[in-house]
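K.L.:
Note that the protein sequences, when read in sequence, are chains X and Z. Take the first sequence: its position 65, counting from 1, is numbered 65 in UniProt numbering, and each next residue is one higher. Take the second sequence: its position 170, counting from 1, is numbered 170 in UniProt numbering, and each next residue is one higher.
Hints in this document: simulated from the structure, not taken from any laboratory. Any given hint might turn out to be false.
Since copy identity is lost for identical chains, a pair holds within one copy or between any two.
What the hints assert, rightly or not - The list that follows gives simulated cross-link-like pairs (lysine to any residue, SDA-like), each with its CA atoms no further than 25 Å apart:
1) Lys284 - Thr415
2) Lys108 - Pro88
3) Lys98 - Ser86
4) Lys264 - Lys410
5) Lys8 - Met209
6) Lys264 - Met209
7) Lys108 - Ala151
8) Lys179 - Asp65
9) Lys24 - Lys208
10) Lys108 - Asn347
11) Lys179 - His207
12) Lys264 - Tyr15
13) Lys166 - Gln154
14) Lys147 - Ala54
15) Lys108 - Pro90
16) Lys179 - Tyr413
2 protein chains.
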Amino acid sequence: MSLQMMGKAAKEAAYQLATTSTTKKNRALIFIADELEAQQASILAANQTDLEAARAAGMSESLIDRLALTPARLSAIAADVRNVVSLPDPVGQEFDHKVLENGLSLSKRREPLGVVGVIYEARPNVTIDIAALCLKTGNASILRGGKETFATNQVLVTVIQSALSKAELPQSAVQYIEKPDRELVAELLTMDEYVDMIIPRGGASLHKMCKQNSTIPVIIGGFGISHLYVDQSADLERAPDVIINAKTDRPSACNALDTLLVHKQVAAQLFIRLIPALNAQKLKIVAANSALPYLDGVAQLREAAEGDFDTEWLGPTLGVAVVDDVHDALGHMREHNASHSDTILTNDIDAAEAFINGAGSAAVYVNASTRFTDGAQFGLGAEVAVSTQKLHARGPMGLEELTTYKWVGKADYLTRQ
Amino acid sequence: MSLQMMGKAAKEAAYQLATTSTTKKNRALIFIADELEAQQASILAANQTDLEAARAAGMSESLIDRLALTPARLSAIAADVRNVVSLPDPVGQEFDHKVLENGLSLSKRREPLGVVGVIYEARPNVTIDIAALCLKTGNASILRGGKETFATNQVLVTVIQSALSKAELPQSAVQYIEKPDRELVAELLTMDEYVDMIIPRGGASLHKMCKQNSTIPVIIGGFGISHLYVDQSADLERAPDVIINAKTDRPSACNALDTLLVHKQVAAQLFIRLIPALNAQKLKIVAANSALPYLDGVAQLREAAEGDFDTEWLGPTLGVAVVDDVHDALGHMREHNASHSDTILTNDIDAAEAFINGAGSAAVYVNASTRFTDGAQFGLGAEVAVSTQKLHARGPMGLEELTTYKWVGKADYLTRQ
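So that you can see chain X by itself, here it is in the shape it has in the complex (with noise of 0.2 Å):
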């Protein structure tokens, strides 16, 4: 089927599923997660193929970790979809309710956005993930995978697809791009008059790709250098364990603490406390020249180059600066890409709120580890992405963020005076 044709049988999926009652669409879901459970060994089967070739390509231990199934893992993402079924559907909810003066009942009431089309890598679990998601608040969705996870995407579909009809639902409702040329990725961003959202799960380089080209709105996500400062006013014995919580709880995370700025009036107790731990963690540490002066005694110590804060390390690394106070931490921030979780220790009122106003962070915490920034952590239930961009939404992004709104005007044979 052409891309075309696939976009005009997701558009008119949107149309049915927009009026289908949560019962339903639930019970999709169920039948979506009963056959992951049913079929596992076909999918396995599947992944194998996808993991062989991955091997054979030489692809790195792990990358082929991310890409494999086991059955531990199809019951994970099996649970998961269970627990979308047990998340709220906010589909149909209306807010904002106001009877104007002339007689017009006015509310919001929220919808789905109709077709989402979703671009992304490796991980399997993604396809089940965003479909379910998709699913649960009525949109159709469009899905592609990487080339890498070919075979188990095309078994997974199936899956989704079979259970669909099951559940008398269209199978248009989720479909798959099977060919993975850019080409058609470059199609899909222009195809407006179908799609209505792209939710870009990649690399730098695609989510720039879609910016550039798209002609449909993107959710640029997941970047960002996440910066940790410590005020003077901070709790020095307590600040550490905050510091290593948020560089060293899952350092390839995009929460992950990427930089620390320390107040130059007690950069030096500060880092009499942190060193021992930095050394334990075997933390690599890039210091801007302010802070070398503390720093005696790191184990692994490099003074920063060009670029170096505005590097997401992804890894075990943390870049250091001693800055003046929380103005010049901010400056610092805004220089270097801070627009993802940056948090402030901080026992000052003021400070706290110049940083929370100041930052240009989704998410800025006071007292608390860059790490929360996440959907499940934020009580969302589920996520689609983690915005970093100012419109729509903006930070972790679940069911709600997948819904539009229209305006609802109720009147009796009103007219404009």
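Given chain X's structure and the hints, the job is docking chain Z onto it.
P.N.:
Positioned in the frame of chain X, the structure of chain Z alone reads:
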């Protein structure tokens, strides 16, 4: 100054505006309103220059009228600015507050978008409107008006900037692109490093250009065919008033009725009542084949041709078709770009719900005129645009829609476990 430098200056100004108090922003707005009146002579003289150039270029009288300022119009613009002063400032509002089990106190806090780029034509009041709404919400703005209003806008921006200085705010909070080259628009659309949102206020070709070339999120709006569907259960005595109001209250508005759809069971009875009013209003009726049998006695009647039902009339023309039921009406609306404002006249709850949920429009009405889609009518105080896209905001966009939010998490040195 180069456009890049303007962008950089705007971003700097935005940092300052983000933490400027409401009192200070309101003072600047009051200065703008006062200066508009104090500088009346020089503003009207500049406007005279534009008007003479427009006449020499053979511009139509209706466009010249949009361009013209008078003492009364200038006072009205100043009054609009004072009205913005009286509106509540959304910046800093917190919402969706919750405390998680681990003690993280989490909320969303409204903040400015940053830098807003606005591209518009003709009417000089837009310069003041947009500058005022952006200023109130702490956004810096980069304005690019049409060449027809060049002299007027230059004086208006001088007035704004001197008011900004008087209020001790940076002049770069409101900047104007002085060269009316299309190339500069193209450059603005890719300045995603500095600009956070683009609002095009103009025709379809401007919107298309923005959609295709912008790497910055664009607010698409203002278009869409407006429909009114008369259901079988409608009150046929009162229906004509609503139809005539939707069509004739202001035919040039984007929420004016374009297409009337009528249930076949009531078509004969409705048109008997409606035709005298259509003739009295001198409306030109463009009829689908389905409607022709009912339209004997219409003074100005022609058969619909290809594309007629995709035309926003913006004048005294009305498309008419007869349909089988509400679902047939929705089918017609989907084919013909219902995305702005649509009405059902009905006494049937099922039909009303089907229509509300099935219509793809930003605003859907039950038993009310399409003419209500408007920031002032909806009680938003003012509007920057009417969005017909699904992301960020939909329908009339007021002050709140010029903001984004950040997540704010506060705790007591909390780490993720």
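K.L.:
25 Å Cα cut-off: does lysine 179 pair with tyrosine 413 within a copy, between copies, both or neither?
P.N.:
neither (53 Å within a copy, 49 Å between copies)
K.L.:
Quick one: lysine 147 to alanine 54, C-alpha cut-off 25 Å, is that within a copy, between copies, both, or neither?
P.N.:
within (10 Å within a copy, 58 Å between copies)
K.L.:
Can you give me the call for lysine 98 and serine 86, within, between, both or neither, at a CA distance of at most 25 Å?
P.N.:
between (31 Å within a copy, 20 Å between copies)
K.L.:
For the identical chains here, do lysine 166 and glutamine 154 meet the 25 Å Cα criterion within one copy, between copies, both, or neither?
P.N.:
Within one copy, since 18 Å is at most 25 Å while 65 Å is not.
K.L.:
What label fits lysine 284 with threonine 415 when the C-alpha limit is 25 Å: within, between, both, or neither?
P.N.:
Result: close only across copies, 21 Å inter versus 69 Å intra.
K.L.:
Can you tell me if lysine 179 and histidine 207 fall within 25 Å by alpha carbon in one copy, between copies, both or neither?
P.N.:
within (20 Å within a copy, 32 Å between copies)
K.L.:
Are the CA atoms of lysine 8 and methionine 209 at most 25 Å apart within a copy, between copies, both, or neither?
P.N.:
For lysine 8 and methionine 209, both the intra-copy (24 Å) and inter-copy (24 Å) Cα distances are at most 25 Å.
K.L.:
Using 25 Å as the alpha-carbon threshold, which applies to lysine 179 and aspartate 65: within, between, both, or neither?
P.N.:
within (23 Å within a copy, 55 Å between copies)
K.L.:
With identical chains, the pair lysine 108 and alanine 151 could be close in the same copy or across copies; at 25 Å between alpha carbons, which is it: within, between, both, or neither?
P.N.:
Classified as neither: same-chain Cα gap 43 Å, cross-chain 42 Å, threshold 25 Å.
K.L.:
At most 25 Å between C-alpha atoms: does lysine 108 with proline 88 qualify within a copy, between copies, both, or neither?
P.N.:
Answer is both; intra-copy 18 Å and inter-copy 20 Å each pass.
K.L.:
How do lysine 24 and lysine 208 come out at 25 Å by Cα distance, when the copy is not named: within, between, both, or neither?
P.N.:
neither (38 Å within a copy, 38 Å between copies)
K.L.:
When Cα atoms must be at most 25 Å apart, do lysine 108 and proline 90 count as within-copy, between-copy, both, or neither?
P.N.:
Close inside one copy (12 Å) and across copies (18 Å); limit 25 Å.
The structure does not agree with the numbered hints 6, 7, 9, 16 stated previously, though it agrees with the rest.
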